[in-house]
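There are 2 protein chains.
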Amino acid sequence: MFETAELGAKISREAFDAAAGKLRLDLLALQEKLRQADFPVIVLFAGVDGAGKTETVNLINEWLDPHWIVTRAYEAPSQEEGERPSFWRYWRDLPKCGQIGLFLSGWYSRPVLQHVYGEISTAEFDYRLDHIKTFERLLADDGALILKFWMHLDKKGQKKRLTALEADPLQAWKVTKKDWRNWKRYESFIATAEHAIRRTDTSHARWAIVDGSDERFRSLTVLQTLHDALERQLDLRAHKRPAVKTAKPALLKASVLSALDMTQTVDKNSYEQELQEARADLALLAREAHKRGISSVALFEGWDAAGKGGAIRRVAAALDARHRQVVPVAAPTDEEKAHHYLWRFWRHLPRAGHMLIYDRSWYGRLLVERVEGFARPEEWERAYAEINDFEDQLLHHGMVLAKFWLHITPEEQYKRFAERDAVAYKKWKLTDEDWRNRSKWDAYEAAVHEMVERTSSAAAPWDLIEGNDKNFARIKIIRSLADRLRQRLART
Amino acid sequence: MFETAELGAKISREAFDAAAGKLRLDLLALQEKLRQADFPVIVLFAGVDGAGKTETVNLINEWLDPHWIVTRAYEAPSQEEGERPSFWRYWRDLPKCGQIGLFLSGWYSRPVLQHVYGEISTAEFDYRLDHIKTFERLLADDGALILKFWMHLDKKGQKKRLTALEADPLQAWKVTKKDWRNWKRYESFIATAEHAIRRTDTSHARWAIVDGSDERFRSLTVLQTLHDALERQLDLRAHKRPAVKTAKPALLKASVLSALDMTQTVDKNSYEQELQEARADLALLAREAHKRGISSVALFEGWDAAGKGGAIRRVAAALDARHRQVVPVAAPTDEEKAHHYLWRFWRHLPRAGHMLIYDRSWYGRLLVERVEGFARPEEWERAYAEINDFEDQLLHHGMVLAKFWLHITPEEQYKRFAERDAVAYKKWKLTDEDWRNRSKWDAYEAAVHEMVERTSSAAAPWDLIEGNDKNFARIKIIRSLADRLRQRLART
Numbered sequence: 149m150f151e152t153a154e155l156g157a158k159i160s161r162e163a164f165d166a167a168a169g170k171l172r173l174d175l176l177a178l179q180e181k182l183r184q185a186d187f188p189v190i191v192l193f194a195g196v197d198g199a200g201k202t203e204t205v206n207l208i209n210e211w212l213d214p215h216w217i218v219t220r221a222y223e224a225p226s227q228e229e230g231e232r233p234s235f236w237r238y239w240r241d242l243p244k245c246g247q248i249g250l251f252l253s254g255w256y257s258r259p260v261l262q263h264v265y266g267e268i269s270t271a272e273f274d275y276r277l278d279h280i281k282t283f284e285r286l287l288a289d290d291g292a293l294i295l296k297f298w299m300h301l302d303k304k305g306q307k308k309r310l311t312a313l314e315a316d317p318l319q320a321w322k323v324t325k326k327d328w329r330n331w332k333r334y335e336s337f338i339a340t341a342e343h344a345i346r347r348t349d350t351s352h353a354r355w356a357i358v359d360g361s362d363e364r365f366r367s368l369t370v371l372q373t374l375h376d377a378l379e380r381q382l383d384l385r386a387h388k389r390p391a392v393k394t395a396k397p398a399l400l401k402a403s404v405l406s407a408l409d410m411t412q413t414v415d416k417n418s419y420e421q422e423l424q425e426a427r428a429d430l431a432l433l434a435r436e437a438h439k440r441g442i443s444s445v446a447l448f449e450g451w452d453a454a455g456k457g458g459a460i461r462r463v464a465a466a467l468d469a470r471h472r473q474v475v476p477v478a479a480p481t482d483e484e485k486a487h488h489y490l491w492r493f494w495r496h497l498p499r500a501g502h503m504l505i506y507d508r509s510w511y512g513r514l515l516v517e518r519v520e521g522f523a524r525p526e527e528w529e530r531a532y533a534e535i536n537d538f539e540d541q542l543l544h545h546g547m548v549l550a551k552f553w554l555h556i557t558p559e560e561q562y563k564r565f566a567e568r569d570a571v572a573y574k575k576w577k578l579t580d581e582d583w584r585n586r587s588k589w590d591a592y593e594a595a596v597h598e599m600v601e602r603t604s605s606a607a608a609p610w611d612l613i614e615g616n617d618k619n620f621a622r623i624k625i626i627r628s629l630a631d632r633l634r635q636r637l638a639r640t
Numbered sequence: 149m150f151e152t153a154e155l156g157a158k159i160s161r162e163a164f165d166a167a168a169g170k171l172r173l174d175l176l177a178l179q180e181k182l183r184q185a186d187f188p189v190i191v192l193f194a195g196v197d198g199a200g201k202t203e204t205v206n207l208i209n210e211w212l213d214p215h216w217i218v219t220r221a222y223e224a225p226s227q228e229e230g231e232r233p234s235f236w237r238y239w240r241d242l243p244k245c246g247q248i249g250l251f252l253s254g255w256y257s258r259p260v261l262q263h264v265y266g267e268i269s270t271a272e273f274d275y276r277l278d279h280i281k282t283f284e285r286l287l288a289d290d291g292a293l294i295l296k297f298w299m300h301l302d303k304k305g306q307k308k309r310l311t312a313l314e315a316d317p318l319q320a321w322k323v324t325k326k327d328w329r330n331w332k333r334y335e336s337f338i339a340t341a342e343h344a345i346r347r348t349d350t351s352h353a354r355w356a357i358v359d360g361s362d363e364r365f366r367s368l369t370v371l372q373t374l375h376d377a378l379e380r381q382l383d384l385r386a387h388k389r390p391a392v393k394t395a396k397p398a399l400l401k402a403s404v405l406s407a408l409d410m411t412q413t414v415d416k417n418s419y420e421q422e423l424q425e426a427r428a429d430l431a432l433l434a435r436e437a438h439k440r441g442i443s444s445v446a447l448f449e450g451w452d453a454a455g456k457g458g459a460i461r462r463v464a465a466a467l468d469a470r471h472r473q474v475v476p477v478a479a480p481t482d483e484e485k486a487h488h489y490l491w492r493f494w495r496h497l498p499r500a501g502h503m504l505i506y507d508r509s510w511y512g513r514l515l516v517e518r519v520e521g522f523a524r525p526e527e528w529e530r531a532y533a534e535i536n537d538f539e540d541q542l543l544h545h546g547m548v549l550a551k552f553w554l555h556i557t558p559e560e561q562y563k564r565f566a567e568r569d570a571v572a573y574k575k576w577k578l579t580d581e582d583w584r585n586r587s588k589w590d591a592y593e594a595a596v597h598e599m600v601e602r603t604s605s606a607a608a609p610w611d612l613i614e615g616n617d618k619n620f621a622r623i624k625i626i627r628s629l630a631d632r633l634r635q636r637l638a639r640t
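As given, the protein sequences belong to chains B and F, one line each in that order.
If you're matching positions, the first sequence starts at 149 in the numbering used here and goes up one per residue.
If you're matching positions, the second sequence starts at 149 in the numbering used here and goes up one per residue.
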C-alpha cells in the first residue's frame, strides 16, 4: 500500500513555481464557488510524524481565504471532552456548508495510536473503524466532500527528517520525545495504519497516500487533489456530469512500475539449476499445504506478451495436477454478465488443500474495464473496497493469496510483438487489440499504480515482477509463491 | 423493535380473498417485467421457528412463475462448503438478473445461532455483521433489490404454535428437538436478533418485521411488501421517479398506538401522594447518577397538546437545577440548516453526571419532516440507521437514554384544542398548524409505528405513554425514567 509513496518523488523549484501560480488562482475561484454551494468540505490529515501534515495545513490557509476555513487539531481529550462520547469534539467542529474544515489528528488518530500501544484490542479497534465508516457515510450522504490524506515517510526517511528538525534551532521544538517513541514502533504503526486505511477506503471518503519526503511534491499533490475533488463535487452537486479525469496521477512522473530495475537477468547457465531447485521447494511446500488442508489462490496480471502463460505453466508443472487448477479468465459470458462482476470468481474457489491459479482475475475491473470504459467510473471506484473485502474473506478463512503483476518495458513488448508477427506459429497470439492496448500504455500504467496503492497490503501484497528476462521472472515468481506458502505454514 | 409484531394482527378470510386475487395478478405482471430487467431480487427469511417462513416461501412459489425463482435453504455447512470461506455457498446461489432468490436460513442464520449458543464472541459476531453489511451493499450497489423479512412470534405464541404442530399428525415432523432447544433460549435469541437487525437495517437492504401469528395476515404482508418494493425498483432502474407511497403500512389496521389502553387513569385523591413519592425516588437516583458521573438524555415526542410541556416541567422539578437542562427543539436555524440535521443535537450533549431533556428531538426527521415532506424520502429512510448509530454512541459511552412518546386519542386532542380556543390565556398555544397537523393523523400514526419498530431496542426502548389522563401520564413518565436510571446504576 505504501510502495507508491516511497518512490522519492521530487519536483524542482522551477516546475513548482510554474504549476503553483495557476493552481492557486484556480483554487481560489473554486473556494468562491464553494461559498455558495450546499455542502462542506472535510479534509483529514494523518500519517507519519515529520511528513509535513502541519506544513500542508498552513499552506492551504495561506493560499486560500482563511475566513472560510476551519482548522482543528486535537490533543488528548480534555476533561470536558472525556465526559462525552468520543466523537463529540469532532461533531461540534464540523464545517458548515461552504466551509473547508482541515483536521489534524482527527478521528483516526486516537484509535490508531491506542491500537499501536496495545491499549485497545483489535476487536475494539474494528468497532471504532466501523463507526468511523458509518460516520463518514452519514456526512457524505448529506453531500459533504471528504478527503483523507495519509502523509507518508519510510522509516529511514522519518529518522532523517526528525534528526534534521532537531538540528535546526528554529525547528527543534517540533520534535518531541513522543515522536521518537512513535518512531521506535514504526512497523507496528504502519501495520495498524494499513489496516485502518483498508477498512475505511470507501468511494465516498477516499484515502490518498502522499509521499511526504519532498515538500514541493507533497504540497502540489495535496492541493491538486483538493482542487480536482472540489471541482468534481461542485459539478456533481450542480447536477452537471463531471469531466472524466485522466487516470494518471497528476504530478507523479514515476509510477511503482518505473521504479523497478528492469535490467535484472538470470545467468543462462545457472537457470535450469535454479529453476529446478525453486520448483522442488515449491512442490514440497504445496504438498505440506495440501496435507494440512490449506488452500491457495495465485493470480497473474500483466502486460500483453509479458509472459504470464509461460510463467503459469512453470508454476503448474511444479504442483500435483490433482491439487491445482488453472482458470483462464476471458470476457464474461452472458450468465456471468447477469451477476455481480465478482460472481464468476466466487463460484470456483479452491477446496481445502487445493491451489487455484487465475490467468487474469477480478483485477480486470480496475485495469481493462477501467481503462477501456467497460465499467463506469462509479463502478470501478467502488471495486477497490469490494475487492479488498472479498480478499479479506479469503484471508479470514485461512487461504494463501498471491498476486503477481508481470512487468515488461514498452520496448520489450514491441520486440515481442514484432517477433510474433514474424514467426508464423506465434502469429495467432497477436491480435489487433494488442496493438490498440499498447497505445494506452500510460493509462494502464496509472491504473496499475493506483491498483497497487489501494489493494496491496501486508497480508496480500502485490508482487511486481521484472519480466524483461523471462527466466528471471519465472524463478522470482516460483520463489515468491513458495515464500508465501512457507509463511502461511509457519503460522499454524 | 418487536412491539409492532406482537399486536396480534389478523385478516379475515373474506378480506384475504378480496385482496389476494388482484395482488397475485399484479405480482405476476411485475415478475414478467422483472425478467427483462437488469437486476435480481434477493429475499431473505429469518425469524422465530414456527412463524411461517417456509409456508410463505411456498406460497410465493405457488403464486409466481417458479421458473424464475430460485429457492435455497441451508443446513450446517457440508464438508465441501466448510472448505471455503463461509459465504461461498451464498455466493454461488445468488440469483441472476431477472430472477427472484428466496433464501431460508441465509447468511444471518449461523452467526445468530452461534452467538446465542455462545460459540462466537460478540466481537466476532460484530465482525460477521459488518461483513454482511458490506456484502449487501455490494449487491445493492450493483442494482440488486434486497428484502429481509423477520417473521416474528412472541414466546407464548411460539410455544402455542409448536405445540399445535406437534398435535397434528401430518405436521408433527416439522417440529424437531432443536426447535424446542431454541425456544428455551427465546430471550437470548431475540436479543441477538435485535442486535443483528439494528446493525444491518440499512436503506438499501431493509428489514421488515412481520407478525407471524396469523397466516393470512403474514402472507399478505410479505407479498404486498414484495410487490411494492419490486414496483419501486423497476421504476427506479428505468429512471422513472417512483410514486411516493402512503406512509401507512398497507394492511395493518392496528398500530402500536392503537394497542394502548387509553382508559387508564390515576385516582385524583392519591395523585399528589404518588407524584411526590415518584419524584423523591427519581431525585435520589439522579443525585446518585450525578455523583457517579453518569449522564442522561431524556427526550419527549408526542401529539400536539399531548402534555409534553407539563410532563417535562414535573420531571425537571424533581431534579437539581444545576445538573439538568431542558432544550426545546424548534425549527432549525440558518446555521443548523448548513450542517447535517443531527449536528444541532451533537452540539449540546450533557457532561458527566448531567441530564439533558429534549422537548422534541432528532426524531423530528422521522415524524414532522417525513410527513410534511421537509425531508426527501431517501433522507428520512437513511435516518433510521443514522439515529440508531448515534444512539449507539451515546449508550457505548455509558449514557442513559430515555425516549417518551406521549399519546392521546384524536377525541382527546380535539377536546384540548377546543378548550384552548375557548380559554383566552391558553389561546396562544393553538396555531393554525395544529389544526393542519390534525388532518394528517393517520400519516403521523403510521410514522410513529414505523419509528417504534425501527428505533426501539432493549437498550433504548420507546416508552409509549397513555396520556388521556395527564396525571397518569406524568407519574408513569417519572417512574419509567427512575427505572431507567436504576437499571443503569445497577450495572456498575
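No lab work stands behind these hints, which were simulated from the structure alone.
Hints may be right or wrong, so weigh each one.
Heads up, the list lumps identical chains together, so a pair's fine if it works in one copy or across two of them.
Claimed, not checked - Heads up, simulated SDA-like pairs for lysine to any residue below, C-alpha to C-alpha not over 25 Å straight-line:
id, residue 1, residue 2
1, Lys-170, Tyr-265
2, Lys-281, Thr-350
3, Lys-588, Glu-527
4, Lys-181, Trp-491
5, Lys-281, Gly-266
**Request:** Evaluate Lys-588 and Glu-527 at a C-alpha cut-off of 25 Å and name the case that applies: within, between, both or neither.
**Result:** within (20 Å within a copy, 42 Å between copies)
**Prompt:** Is it within a copy, between copies, both, or neither that the alpha carbon of Lys-281 lies no farther than 25 Å from that of Gly-266?
**Reply:** Within one copy, since 22 Å is at most 25 Å while 28 Å is not.
**Request:** Up to 25 Å between alpha-carbons, please classify Lys-281 paired with Thr-350: within, between, both or neither.
**Result:** both (8 Å within a copy, 14 Å between copies)
**Asked** At most 25 Å between C-alpha atoms: does Lys-170 with Tyr-265 qualify within a copy, between copies, both, or neither?
**Response** For Lys-170 and Tyr-265, the Cα distance exceeds 25 Å both inside one copy (44 Å) and across copies (64 Å).
**Asked** From the Cα coordinates, with 25 Å as the cut-off, is the pair Lys-181 and Trp-491 best called within, between, both, or neither?
**Response** Between. Shortest inter-copy distance 24 Å satisfies the 25 Å Cα cut-off; intra-copy 43 Å does not.
Hint 1 from the earlier list is the only one contradicted by this structure; the remaining hints agree with it.
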